[in-house]
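First to last, the sequence lines map onto chains A and B.
Residue 1 is where the first sequence starts when you use this note's numbering, and the numbers rise one by one after that.
Residue 1001 is where the second sequence starts when you use this note's numbering, and the numbers rise one by one after that.
No incorrect hints appear here.
Simulated crosslink set (DSS-like; lysine-lysine; CA at most 25 Å straight-line):
1. A/K60 / B/K1101
2. A/K101 / B/K1011
3. B/K1055 / A/K79
4. B/K1101 / A/K101
5. B/K1057 / B/K1132
6. B/K1101 / A/K72
7. B/K1143 / B/K1011
8. B/K1011 / A/K91
9. A/K72 / B/K1060
10. A/K91 / A/K60
11. B/K1125 / B/K1011
12. B/K1011 / A/K79
13. A/K91 / A/K72
14. A/K91 / A/K79
15. B/K1143 / B/K1132
16. A/K72 / A/K83
17. A/K101 / A/K83
18. A/K83 / B/K1011
19. A/K72 / B/K1055
20. A/K101 / A/K72
21. A/K79 / B/K1136
22. B/K1018 / B/K1101
23. B/K1008 / A/K79
24. B/K1057 / B/K1136
25. A/K83 / B/K1143
26. A/K72 / A/K60
27. B/K1125 / B/K1055
28. B/K1143 / B/K1060
29. B/K1018 / B/K1132
30. B/K1125 / B/K1057
31. B/K1008 / A/K91
32. B/K1143 / B/K1057
33. B/K1060 / B/K1132
34. B/K1008 / A/K83
35. B/K1008 / A/K101
36. B/K1143 / A/K79
It should be emphasised that the hints constitute simulated quantities derived from the structure, not laboratory data.
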Amino acid sequence: MAQEATLDILNNVEFDDDGFMVDPNAWTPEIGEAIAAREGIELTDRHWVVINFARQEFEKNGQPPTLRRITKTTDVSTKEIYKLFPGGPAKVAAKIAGLGKPTGCI
Amino acid sequence: MSQNGDSKPRKLSIICSKGSLDMAYPPLILANAARMSGIEADLFFTFWGLDIITKSKMDKLNVATVGNPNMHPWFHIPSIIGILPGMSAAASWMMRREIDKLDFPPVGEFLEMVMDAGTGVYGCKMSMDMMKLTEKDLVDGAKVLGAMEFLEMAEGAQVLFI
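Please model the complete structure; the sequences and the hints are all you need to start from.
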């Protein structure tokens, strides 16, 4: 029941064909939780370190940070970020943070 | 997920046969990009490519100034000047600086990063025998593999030769 209630939030959110939010500014932490649940990930404090950093960088620069910038700037290592966001951390983390599909090479 | 519609995960196997600085980056960048987007990746280093994973050489790779028609972004120099002592070192230094500006790590660090990301790193047994190298000479975590074993491992993967 709780799970359904969480995912209901997503009915009012617009996604592109690849599952990324169309409008990053419409994102809220609750929406992030729901997207993560849809991806099969239960968010912990460590996930939030990455998500919050990605959001901050996006608000500052208008684009999501590269994975390398995340691992260089936060205390989350490459190994850890791959454990936190299985199935491709660049895509999965950007999706949960409500940001567009990452285009960087690093 | 595969983009071909089946349920097997997509997989990339790259054979790295060149050991110059400019040829070290393409396989590392592709393997890293693959892992970032959830694609499996393996790197098989053979012949001069072994320099990329040899501890004593990986951070001293050079770019050729002679016989390289693509030197123009750094040097507008003809090959005859490129043969002068120190030209290759200078060009390599400049390329390293440009790579660093783009926030790409040096080769050794990049290799560690792609391995932390789950990329398999393998040295070609035959080339290693030829160059008198053992597993101890290679970056930690690299394994030695024969050509047949590599082909077995690459089954179903998209294979690139660099």
